[in-house]
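Asker: Chain by chain, the residues run as shown.
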Amino acid sequence: MSTVAYITARGLFGRRRVLLLLPLPLLLIGLAAICKAYDVSPDQWGQPVVVGLGLAVVLPVISLIVGTGVLGSEVDDGTIVHILTKPLARRDIILAKLLVAAGVSAVTAAVPLFIVGALANSVRFGLALVVGAVAGAIAYSALFLLLSLVSRRPVLLGLAYILVWEGLLGRFVSGTRVLSIEQYVITIADKIAPTGMLDGKVSVPVAVVMSVLFALGGTIYAINRLGSFSVAGETS
Amino acid sequence: MSVVQLENVSRWYGNVVAVNDISMTLQPGVTGLLGPNGAGKTTVLHMMAGFLAPSKGTVTIDNAPTWRNPGIYRSLGLVAEREAVHGFLTAKEFVLACAKMQKLPDPAAATKRALELVEMTSAQDRRIDTFSKGMRQRTRVAASLVHEPQVLLLDEPFNGMDPRQRVHMMELLHRLGDEGHTILFSSHILEEVEQLSGLVQVIVAGRLAASGDYRRIRRLMTNRPHVFAVQSSDDRRLAVALIGEKSVSGIEVEADGLTVRASDYGSFTRVLPRIALGEGIRLRKLLPSDESLESVFSYLLEA
Numbered sequence: 001m002s003t004v005a006y007i008t009a010r011g012l013f014g015r016r017r018v019l020l021l022l023p024l025p026l027l028l029i030g031l032a033a034i035c036k037a038y039d040v041s042p043d044q045w046g047q048p049v050v051v052g053l054g055l056a057v058v059l060p061v062i063s064l065i066v067g068t069g070v071l072g073s074e075v076d077d078g079t080i081v082h083i084l085t086k087p088l089a090r091r092d093i094i095l096a097k098l099l100v101a102a103g104v105s106a107v108t109a110a111v112p113l114f115i116v117g118a119l120a121n122s123v124r125f126g127l128a129l130v131v132g133a134v135a136g137a138i139a140y141s142a143l144f145l146l147l148s149l150v151s152r153r154p155v156l157l158g159l160a161y162i163l164v165w166e167g168l169l170g171r172f173v174s175g176t177r178v179l180s181i182e183q184y185v186i187t188i189a190d191k192i193a194p195t196g197m198l199d200g201k202v203s204v205p206v207a208v209v210m211s212v213l214f215a216l217g218g219t220i221y222a223i224n225r226l227g228s229f230s231v232a233g234e235t236s
Numbered sequence: 001m002s003v004v005q006l007e008n009v010s011r012w013y014g015n016v017v018a019v020n021d022i023s024m025t026l027q028p029g030v031t032g033l034l035g036p037n038g039a040g041k042t043t044v045l046h047m048m049a050g051f052l053a054p055s056k057g058t059v060t061i062d063n064a065p066t067w068r069n070p071g072i073y074r075s076l077g078l079v080a081e082r083e084a085v086h087g088f089l090t091a092k093e094f095v096l097a098c099a100k101m102q103k104l105p106d107p108a109a110a111t112k113r114a115l116e117l118v119e120m121t122s123a124q125d126r127r128i129d130t131f132s133k134g135m136r137q138r139t140r141v142a143a144s145l146v147h148e149p150q151v152l153l154l155d156e157p158f159n160g161m162d163p164r165q166r167v168h169m170m171e172l173l174h175r176l177g178d179e180g181h182t183i184l185f186s187s188h189i190l191e192e193v194e195q196l197s198g199l200v201q202v203i204v205a206g207r208l209a210a211s212g213d214y215r216r217i218r219r220l221m222t223n224r225p226h227v228f229a230v231q232s233s234d235d236r237r238l239a240v241a242l243i244g245e246k247s248v249s250g251i252e253v254e255a256d257g258l259t260v261r262a263s264d265y266g267s268f269t270r271v272l273p274r275i276a277l278g279e280g281i282r283l284r285k286l287l288p289s290d291e292s293l294e295s296v297f298s299y300l301l302e303a
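From first to last, the protein sequence lines stand for chains V and H. Letter by letter, the first sequence follows residues 1 to 236 of full-length UniProt numbering. Letter by letter, the second sequence follows residues 1 to 303 of full-length UniProt numbering.
Excised from the complex, chain V in its bound form (with noise of 0.2 Å):
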């Protein structure tokens, strides 16, 4: 299991995709850094820039990479054959999958979030939006990865529900909040460190169980999903 952790590792650090993460938590900091550099007040600044620009875009499109890179890339290229030939239970391969994308997105997203959420308002909002960020990893990461397995698509998909589903029916129609991880991110942070900023749409209990719930049911899915992993005969 350590293996395929390993080579996961190595296939997402070693090709060029993985400058993609490096963009957006750029602009995260840099954009709070002018902020409070020319002393505009969180007030003005922090909904927006901890919102709309972390909660809605980062932590998504970053776990968006990752997750789809860990598998969907193998699936992909046809590499993944050389895993599945191995006398391996499926669960071990998926979990460390799983962890790769959860672990690498976490870092990727929370350590931009806890910055901008120290210069917003407090350390303690840092930490929040910390907590808040490693569970929304997991959810999303375990959501793209089985993404990857039902989906010869998995980036198209994983975008249209990051867009469409979070971002634009979230907005008006609330019914779908219930199914929105973004949604359950900001209910977390919020109860951890209760600042205003962030307006959580769902309750806490939702929020909770809803993210275990994605975590745990993409991750079973997905493991029965690798069980009957079919390659296609090639007719190119």
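Worth flagging that the hints you see were computed from the coordinates, not collected in a lab. Heads up, the beta-carbon is just placed ideally off N, CA and C, and yes, glycines get one too. Heads up, none of these hints are tricks.
Derived Cβ-Cβ restraints for the label pairs, each shown as a range: (1) V:91 / H:127: 26 to 36 Å; (2) V:178 / H:15: 33 to 43 Å; (3) H:171 / V:91: 37 to 47 Å; (4) V:204 / H:108: 47 to 57 Å; (5) V:43 / H:68: 51 to 61 Å.
Fit chain H to the given chain V structure using the hints.
Answerer: Just chain H now, with coordinates in the frame of chain V:
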């Protein structure tokens, strides 16, 4: 000693039948899986390797089903047609990773042995990215052999190999076969199996067309009529001379040369230059024109 068994196996995709009611048993030794492109060879191999569920029938290795059964990979190695490898690893890292995932007691020693077996030791510390097709192929073979599987499946293993590498790979497969491993390799090029004295399974259009000793099948192949396109300095005179030959069964005179049907490949190709020399005719072109695999295999199907 392991036995791979297919019992009345069919596989369809929607309305398309890729594999149609195939039963075969693979014994220890080297077996060739022959057939034109698109005949269903890869589908059969993928079902054997547990990467595809048969729509009907059963695929087993030593009575254990291959589908949804990762345990079989302890005694099964697969070299897929797709060349994908983790190119960011070196050959050694890649094979070692495979050895570790196989949970071998001594992965380093197994890696060394597997790389020596395919003669990749000298290049083992280079990234796979930088390898030629043949080297990549050998690296993948090493990775599939690292746990010394009883059964080894190879999908078009000779693609992209130069003749020397081909011979070497053949020898390797033979050696493994002689040691009691069950080896199956697929190919769409009959001549690749030339050196094989073992068993051959021929698949045409999803069905098992022939099965048995390679020499018997080869004989069927060589006895079929051959068509040649011939151009010379005097086509008509050549045609007159040729028609007296026993090995020639028909000639058509066309604007751009002759189409000659020969019943025996060998004696026709021997007799043609002699006749041309005797008649003082200069041969400009001699081309076997029905050597397309489809025609070869469909002839086999009729036989």
